[in-house]
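Those protein sequences? They're chains A and B, same order as listed. Mapping of the first sequence onto the working numbering: position 256 corresponds to residue 751, and the numbering continues sequentially without gaps. Mapping of the second sequence onto the working numbering: position 208 corresponds to residue 1012, and the numbering continues sequentially without gaps.
The set of hints was computed from the structure by calculation and includes no laboratory data. All residues carry an ideal CB built from backbone N, CA and C; glycine is no exception. No incorrect hints appear here.
Covered stretches of chain A, as calculated for chain B (at least 3 residues, CB under 8 Å):
id, region
1, 512 to 522
2, 713 to 719
3, 724 to 732
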Amino acid sequence: MIALPAVLLFLVIAIYPLVSSIGTSLYDQSLLRPDRTFVGFDNYTAIFGEFMARLGTTLTFATLATIFPVLLGVALAVLLNARMRGRNILRGTLMLPWLLPGVVVSFLWAWIFNDSYGVLNHLLTMVGLPEVSLLGNPTGAMAAVVIAKTWHSFPWIMVVALSVLQTLPAEQLEAATIDGATRSQRFRYISFPHIVGPVALVATLEFIYNFGNFDTIFVMTGGGPGDSTTTLAVSLYQLAFGSYELGKASAMGVLWLILLAIISSAYLLLNRRLEKR
Amino acid sequence: MSHGRDIGEAIIRPRLSIPGRIGLILLALFGLLPVYWLTSTAFMKKEAVFALDRPLFPVDPTLENFVGFFQNDALLQNLANSFIVSTGTAVLSVLVGGIMAYSLSKFRYSGRNAIMFMFLIGQLIPGALLLISLYLMLSSAGLLYTYTALIISFTTFTLPLVVFLLKGIIDGIPDDILEAAKVDGLSRIKTMFQIVFPLIVPGLITAAMFAFMRGWSDLLFALTLAGPDKQTLPAGLTQAFIREGTADWPALMAASLITSLPLAIIFILLQRYFVSGLASGAVKG
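Extracted from the complex, chain A is given alone in its bound form (with noise of 0.2 Å):
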């Protein structure tokens, strides 16, 4: 079989990693030391508390980041579709949040959002309004991640729309015109189910990326203040080679991958069921 190598290669670097991981955690193992002793379920006893904590956190993240940059990229997708001159331009351009790497996208918006010389308060003051300290406080280091993230991610939910968009049944719509529908008539049974599918797709797919974000959170933030924005992905990291604590991360990360699994088993389920109406 022609391809075995690769599928080997998939195999060792991509699944035996994930099995591995339940051996590890099963191990108080660490970094700074050689050796490993076992401990049974120790490792997941001590941080199941943190790990409901993290996954708190992590929902409420991955939540936001999908729902803004859907709302926004859907609303531009619409807004774009219009006739209007330098169309393509502006959709061109608002491609560049999306080219730029993660890692820029956390310096730009923490060089934003600084207390002290970011342009954000500059401006605040301009206008006369109070200066804000958004990575300082909790709700407001969660709000700076999210919004980076949306900016971010946008421009793909609007490409993803927009494409739609696109291919809607003009035949349909005209003929509903012709027989006296309103404009929201046709948005809500035509072009509402027409795009919904596509869109729901993405923004599931937002959902699991956002899931296991990592640079936007670990640049901006670092998890804090506190553990504010520490996400699961963020704690694995600082568990690992922040406390050299690789058994716990372990243990973090299995649990992290059984909770996978039945989501994803659930969705399986649900589309064959969906599929069979």
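Given chain A's structure and the hints, the job is docking chain B onto it.
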């Protein structure tokens, strides 16, 4: 006839109302002002940024931030590392992914669907979940802190994408051509390298560039598997940023622009493929 088309066009693409225009302007400003701020800061003097009467545009534009970048040995090393690792990722991804795609496209065997499914799911697994085992594996193989370590781990991420992209293209090659090659006595490997790959060169280049971009942008693996010497630009900049805090935003913005430039160039070259790739949801940065 053309009149009817105009009506259709007007229904599908109505002109924007005044509130619609205002909405568009506001949303576009949210999208574009940060890009302006990134660029203009990169051309500002450090003193101007910290002055009391900070300007909103580079009053006295300077190239010193870019010059500073190219005079900094550590950053230059990071830049070189980024090129080496991303190029390696592109080459390995296309080679392995190309073979894989050819096999999935033109051969029928059991487990074929399982492999496709595995790749699909593999694309959704967050990097953080693989991190520790990957670290331990590479460490016991003696590969930790090498270019190879980074190239192999990035390829994990790029492979599913490359395979799906190339499979779609190879599907379009008529079986007759491959049959003819078989009749001429070409082995499967030779058919692949002498017939299939030359036919899909544009696809191979597109796939390579996608893989390059993915490797270029990664932070997590570079931070943990590269060590101090082999670090790519995103990881090097992040560590400096977190270690020293930032006294010099214009320099950081200039470095950020330099980090983004190769991706912008690739984007311009591949624009056409991007939009269709993005639209099918296959590509995500």
